[in-house]
Amino acid sequence: MPFIKKPRTLKPLGAVSIGTGERAVKIGGGNTLPLYFFDAKLSNPPAVGVELTDTAWDAAELPLLAKAYEGAATLAERVACAANMKGVDFVCLRLEGADPGGDNLSVEECVKLAQEAAAACTKPLCIAGCRSEEKDVELFKALAAALQGQNVLFLSAKEEDYKTIGAATVLAYGHKVAGESSVDINLAKQLNVLMTQLGIPKESIVMNLGGAAVGYGFEYVSSTMDRVKAAALEQDDAMLQMPVITQVATETWAVKESMASQADMPEWGDLEQRGIQMETVTAAACLASGSDAVILRHPVAVDKIAALVAALI
Amino acid sequence: MGKFVMIGERIHCISPAIRDAMATRNPEPILKRAKEQLDAGAIYLDVNIGPAETGGEDLMKWAVKLLQDNFDNVPLSLDTANKKAIEAGISVYNRTKGKPIINSADAGDRIENIDLAAANDAIVLSLCSKAGVPSNNEERMTYCQGMLERGMSLGMEGEDLWFDPLFLVIKGMQEKQIEMLEFIRMVSEMGLNTTGGVSNASNGMPKDVRPIMNSTLVAMAIMSGLSSAIVNPCEKRMNETIRSCDIIRNNTLYADSYLEI
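Protein chains in written order, with numbering that gives the first Met the number 0: chain G, 0 to 312; chain L, 0 to 260.
Hints are supplied without guarantee of correctness; some may be wrong.
Estimated spans, in silico, between C-beta atoms of each pair [what the hints assert, rightly or not]:
#1 A171(G) with G154(L): 23 to 33 Å
#2 K31(L) with N103(G): 49 to 59 Å
#3 D183(G) with G157(L): 31 to 41 Å
These are computed hints drawn from the structure, not numbers from a lab. Please read all numbers here as calculations on a predicted model, not as lab measurements. C-beta atoms are modelled at their ideal positions from N, C-alpha and C, and glycine is treated no differently.
Based on the provided sequences and hints, a complete structural model is requested.
Laid out in structure tokens, this is it:
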């Protein structure tokens, strides 16, 4: 039986814009199932972000990563490098130095760093905290005020702190916020309901559904994203039509395949190549499952995924 | 089966406030009830202007424009015995949010409303009765198939005839209820849509009992395949039951606040 192309017309999902002016990037807004570009022309291709932290990467066994940031001494210089990498649509700055269990930088110090970073960044900016709930709330409040007008995406608000973070970032200063639901589809919807009830417009919410490296429970991530996209498109569920952003790098660079040195695991080969492969494969799988934006770390992975997106559309 | 379609029944000329509003073309009481029902989750709004033998055409046009202009082209069910009024309503109807529903046809005097639906690419609520209460499901099915054939011979899609099994008052016809539910299942298994005025079933019961009876019956009917109903969406128990059924049937994804959205 011949294959008969039968495109389906579905209602476009919501898009969220980050950054300002010509540099702004729109995430989401498609009206097809993930990568079903044959069903309809895609308005916004999946966006690729590159992440860096205020504390520089330990690039001892990662010469390609080190080379990408070569000569960049300050955070501002590293941000500029990141923004200029091939294939990058936006930059994600993670303020790890704020971690009370680590460098424990003060909120004021972080604000200063973020302002320097923002000034040097030629792409839209996304800011992630240090994953200490209390510190992140304080940090986001101060950063939202300091970066007013720059339309930053904050990662992320959770069930415990969505009120404070949502009010401080979106309601007070017009930024964008991601709701983080750790691979819990019902919580993903609930967070959107709660944030909407708080008065946050749907156009200001991104879903951070959580992630996993391939081989580390990725099937849960994949089935969650499948269900979200199905509900959004086929059940017209307004509370699941926000774009999906996935922090790929934080997952893939934390598994042994991307961390064990070649000295310890000679049979596994070059560490950097392993890390790049984990990151690239996971990101491609996320795009196939429904991520509208992925955040990566390694410039080679960024380039590969951007090339994949370009080749598909 | 998709999400259950609640057709809000509260814009009805039996209500004195609505009757006055319709007579004096006063938008406010009608818009208020429309908003309440839509906020409560109604998908369609029924607009019952009564027999409307005189002036029905103007009244239906006015009501359709009023509701669609104020509520983003909300889809409507046009409810009157006056065919000209239905045609007039459809002539000004915007179908971007859904086809108009004609309420209603039956296998008897009102069979021509199927022709009207076919001519206007509308949905038609099709009551499986001819005169009075059908005596059994065989009779119901005869009417159902007759109406289906008529609609399809006029070019309608089967899914645009929504069959009403005729909900019967429980007090007095208790022995008929399960058979009626079985009929819903038969029609649903044919891949067709079903609907009905559920609250008829509790007629004559005390006010505090009616919501319990109505919502229990609607849950049992949904289990049998009922795809829509003409209900009061503002009635809390009914609303909660329908939303919960949609969750259990996996028509909407669960979230803790599912009753609020």
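ask   = If you check each hint against the structure, which ones fail?
value = Violated: hint 1 alone.
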